[in-house]
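> Given only the sequences and the hints, what does the whole structure look like? Please build it.
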Amino acid sequence: MNGNEVEREGSNLTNLPLPPDDPSARVLRGAPAPVLTSHTAPNARPRRPRLVLKRPSIGERVTELVIHGLAFSAVAAMILILVFIAKEAWPILTSSAIHKEVTLAKMWFAQQWPGYDAPEHVWQPVSEVPKYGAWPLVVGTIKVTFISMIVAVPLAVGAAVFISQYASRRVREVAKPAIEFLAGIPSVVLGFFALIVMASWLQSIFDFDSRLNSIVAGIALSFAVIPVIFTVCEEALGAVPRSYVEASVALGAARWQTISKVVLPAAAPGVAAGIALGLGRAFGETMIVLMASGNAAILSANPAESVRTLSATIAAELAEVVFGGPHYTVLFTLAVLLFVVTFGINFIGDQTISRMKRRMGVSQ
Amino acid sequence: MNMQVAQETAEAATGSLSVGKLAVFYGDKKAMGPVDMEIPGRKVTALIGPSGCGKSTFLRSLNRMNEMITGCRVEGDVKLDAEPIYGPGVDAVAVRRRIGMVFQKSNPFPKSIYENVAYGLRIGGVNDRSELSGRVEQALEHAALWDEVKDRLHESALGLSGGQQQRLCIARALAVEPEVILMDEPASALDPIATARIEELIHELARDYTVVIVTHNMQQAARVSHHTAFFYMGDLIEFDRTDVIFTKPRQQKTEDYITGRFG
Amino acid sequence: MKRPTLQASRRPRTGDAILWLATGLATLLVLAVLAIILFDVIRNGTQKLTLGFLTKAPAEGMTAGGIFPAIIGTVELVILMTLAALPAGVATAIYLHEYADPMGIPTRIVRIAVNNLAGVPSIVFGLFGLGFFVQFAGGGIDKLFYGGAKVYGQPALIWAALTMAVLTLPVVIVATEEALSAVPRDVRLASAALGATKFQTIVRVVLPQAVPGILTGAILAISRGAGEVAPILFTGAAYFLPSLPHTFHDQFMQLGYHVYVLATQSPDVDATRPLLYATVLVLLALTFALNASAIVVRSRMRRRFSGAHS
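Chains as they are written, first to last, in the working numbering: chain A, 1 to 364; chain B, 365 to 627; chain C, 628 to 937.
Any given hint might turn out to be false.
[Said to hold, decoys possible] Chain C is faced by these chain A residues, among others (derived, beta-carbon under 10 Å):
no., residue
1, G69
2, F192
3, M291
4, A312
5, A319
FYI, nobody ran anything at the bench for these hints, they're computed from the structure. Because the structure is a prediction, the values reported are computed rather than measured. The beta-carbon is built from N, C-alpha and C at its ideal position, and this holds for glycine as well.
Take a look at the structure:
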C-alpha cells in the first residue's frame with residue numbers, strides 16, 4: 001500500500017475514537033488508558049486517529065477537475081454544433097443581400113418561376129434563376145425513410161424474436177455477431193453495393209423508369225437500419241423476466257401465445273426504443289442515399305422515381321458553393337432543420353418510452 | 365398405500381391424481397423418485413420435507429412444468445382421473461389448462477389486474493367482453509381479492525402488495541377453471557397476516573378444487589391439509605391422513621422430521 | 628371454454644408453426660443480405676488484391692495503381708481521432724459512473740447530450756467541422772500565428788480528426804461505462820476500506836480492470852473512423868494527393884472516401900471497377916478484423932466478471 005500516507009495518528013488498526021477506559025483501547029495503544037480527571041492535560045492523551053478519509057493531493061484535485069470538465073464535452077459538442085450551423089444559416093433571416101435571391105418563405109411556398117405554367121416547388125440552385133424550393137427534398141427524405149422502415153422493422157423485430165425466443169445457443173452465437181458485423185459495415189459500402197449491384201438487379205426485375213430511385217435507396221438504407229433495431233430489440237426481449245414466461249406456461253399458453261401476449265408486450269419499451277433509434281438513423285443517413293437515390297430533386301409520390309434527400313443535398317452541393325452566399329446559407333439552413341428534426345425524433349422517442357415503462361408499472 | 369386413503373379416493377369426486385413410479389432425472393442424476401401416490405380429489409394434500417428433498421420437483425411433474433428445464437427427464441406416469449398426462453400423444457399445454465400452478469414468488473404480468481386474470485381466458489379463446497368481466501370477477505371473488513381491487517381493475521398489477529399479488533396469481537389460475545391447483549410454497553414470501561389469509565383461502569378452495577401444496581412449514585401443513593406426504597432425499601417416505609402423520613407416523617424418519625430432529 | 632382433451636393433435640399448433648416460420652425467415656433474410664454482400668465483394672475484389680495494390684499509389688486517373696496513400700491517411704486520421712476521443716470519452720464515463728449523482732440535473736443533461744450526439748446525422752457533423760473547426764478555429768489560428776495566410780483555415784487532417792472524435796465520442800462513452808459497471812462493487816469497497824481516496828480507487832483499481840472495455844470502445848471508434856465519409860467530406864479528405872500528409876494541416880486520403888469517389892466519379896467505370904471492388908474488400912476486411920477483435924476483447928472481459936456486478 002505504498003503511496004498511501006494515511007493521515008492517521010496513533011494506531012494503525014483503528015481510526016475510531018475509543019472510550020478512554022475501554023480495555024481494548026488499552027491493548028491497542030499499548031499504553032495505559034488515560035484517566036479523565038480534571039488534571040489531565042489534553043495533549044497528555046495519546047493521539048487518536050481522526051475519522052477522516054485521506055485528503056486528496058493537489059495533483060488529484062486538479063485531475064478530478066479536468067475529468068469533470070471533460071465530462072461536459074458531449075454537452076459542449078451539442079451546443080457548439082447547433083450554434084455553429086445556426087450561425088452560418090442565420091443570414092437567411094437577416095441578410096438583405098441573401099433575401100434578393102431566397103428567403104425562408106421562398107423555400108417553403110410554391111413560387112412562380114419563369115417558364116413554368118403554375119407556381120411550383122422546385123429545387124434548382126444552380127441555374128440562371130436559382131430556385132430553392134425545399135419540399136422536394138423533404139418529400140424525398142420521407143419517401144426513402146418510409147421505405148427503409150417498412151422493410152427494416154418487420155425483418156429486424158422478427159429476427160430479434162427468433163434469436164431471443166427460438167434459436168439454440170449455437171445459432172445465436174453465430175447470428176448475433178453476424179448481425180453486429182452488418183452494423184459495422186460503413187454506409188459508403190452499402191451505398192456502393194446498392195449502386196453497383198442492387199440497382200441493376202432490381203432494374204432487371206422491375207424495369208423502373210429511373211435505375212436509381214427511392215426504392216433502391218430505401219432498401220439499401222434498411223440494411224443499415226436493421227442491425228440498429230435488431231440489437232436493441234433482442235436485448236429487450238432477452239431481458240423479460242423468466243417468471244412471466246413461467247406464469248404464462250403454467251396457465252396453459254402455447255409457445256406463440258406466450259411470446260406474442262407476454263414477452264413482446266413486456267419488451268415493448270425496448271422494442272419502441274430500437275425502432276426510434278432506427279428511425280433517427282434512417283432519417284439522417286447520407287452516403288447511402290447520396291449514392292443510390294439518383295439525386296434528382298423531384299417532387300412526386302411515386303417511389304420508383306429518383307429522389308434527393310436533405311442530407312444528400314448538403315453533401316453533394318456544399319463543395320461547389322460560394323462561401324457565405326445564398327446557396328451556402330440555404331444548405332446550412334437545411335442542416336439546422338435536420339439537426340432539429342433528429343433531436344425531436346430522439347426526444348419524442350425517449351418520452352414515449354418512459355411513458356410506456358410507467359404504464360407497465362415497472363419501477364425503472 | 366394406505367387402505368383408508370384408497371377408500372376415500374374412491375368416494376371422492378373428480379380431480380384425483382394417480383402417480384405411478386414417477387421419477388425425475390436431470391441428465392443422469394436422479395433428482396426424485398420413484399414415487400407412487402394417490403392424491404385424492406377435492407382435498408388438500410401437503411408435501412413436506414427438508415429443503416432439497418424433491419417435493420418441489422415432484423410438484424412440478426404434476427403439470428409437466430419440469431419440461432421447461434433443459435436436460436430434465438421424467439419416467440413413470442401420472443394420471444388425472446385415469447387420463448394419463450404423460451405419453452407421446454398427450455398435449456402438455458392442455459394438461460396445464462386443467463392442472464394449474466401458483467408459484468412461490470408471485471409473478472403477475474406487467475399488465476392491469478383485469479388483464480392478468482383475463483389472460484388465461486383470452487388464450488383459451490374467450491373474447492366476449494361480458495363473459496370475460498363476469499369470469500374475472502368470479503375468479504377474483506374466489507381468491508378473496510375482489511373487494512380490494514374492484515375499483516381499480518385497470519391499474520397495474522405490480523402496484524399491489526405482496527399478499528395481494530399472490531392472491532391475484534391464485535385468481536389468475538382459478539379463472540382457467542382447472543381441476544387441480546398446485547401451489548409451491550405460496551405463502552413463504554408473505555407476512556403472517558397475508559399468510560393467514562392464503563391459508564383460509566386454501567381451505568375454501570378445497571371445496572371445488574384438488575389442492576396440492578408444497579410447504580416447508582409443518583404447522584401450516586397441519587393446519588391446512590387433509591393428507592400429507594413426507595419426502596426425504598428424493599424419496600416418498602410416508603403418505604397418510606394429516607392427523608395420522610402428525611400424531612402417529614409409521615416411519616421413524618417421519619417422526620424425526622416432525623419432532624424437529626432435523627430441519 | 629370447453630375442457631380441452633389431453634390428446635395432442637398430430638401436427639404442431641398452427642400458431643406456433645407460423646410464428647416460428649415467419650421469424651426464422653426474417654432472420655434468414657437478414658443473414659442472407661450480409662452473405663450476398665460479402666460474397667459479391669470477395670468474388671470481385673480478390674482479382675486486384677495484390678501486395679502491390681496495398682503499397683502503391685493510385686495512377687492513371689484511378690484506373691491503375693493502388694491505395695497506399697488512402698491506407699496511410701486512414702491510419703493517421705484514426706490515430707489522431709482516438710487520441711482526442713479517448714480522454715474525453717473516458718472522462719465523461721468516469722464522471723457519469725463514479726462521481727455524478729445519478730438523479731442530479733448535470734447528470735441528466737450529460738446523458739441527454741450523449742444520447743442525442745449519437746443520433747446527429749453524419750453530414751451535420753461535417754458541417755459542424757467546417758463551421759467550427761476549419762473556419763472558426765482554423766481561421767483564428769491563421770490570424771494569430773500566420774498573419775492571415777491560409778494554413779489551418781482550410782480542410783486539414785487535424786480538423787477531420789477532431790470532427791470524427793466528436794462523432795465517435797458516444798461510442799467510447801458507452802463502452803467505457805459498460806466496463807466501469809462490470810467492475811464489482813466489493814473491490815471498490817475493499818479499496819475504500821483500506822483508506823484510499825475515491826480518485827485512487829478509480830485510478831488504481833477500477834480503471835485497470837476497465838481497460839478491456841475501453842479498448843472495445845476504441846476499436847469500435849476506429850472502425851467508424853475508417854469508413855465514415857460524410858464528416859470528412861469538407862473537413863480534410865481529398866480525392867488524389869501527390870504526397871502523403873506529414874503535417875496536421877495537410878489534406879489526406881481515406882479508404883471510405885476513396886470508395887465513394889471511385890464509385891461515383893470515375894472517368895472510366897469499367898476500368899475502375901476492379902480497383903473499386905478491391906478497395907471495398909480492404910475496407911471490409913479491416914472492419915471485420917476490428918469488429919472481431921472487439922468481440923474477443925468483450926467476451927474475455929465478460930468471462931472474467933461473469934455474474935459480478937457493481
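> If a hint holds in the structure, say so; if it does not, say that too.
Comparing the hints with the structure gives:
no., hint, verdict
1, G69, "holds, 8 Å"
2, F192, "holds, 5 Å"
3, M291, "holds, 6 Å"
4, A312, "holds, 8 Å"
5, A319, "holds, 7 Å"
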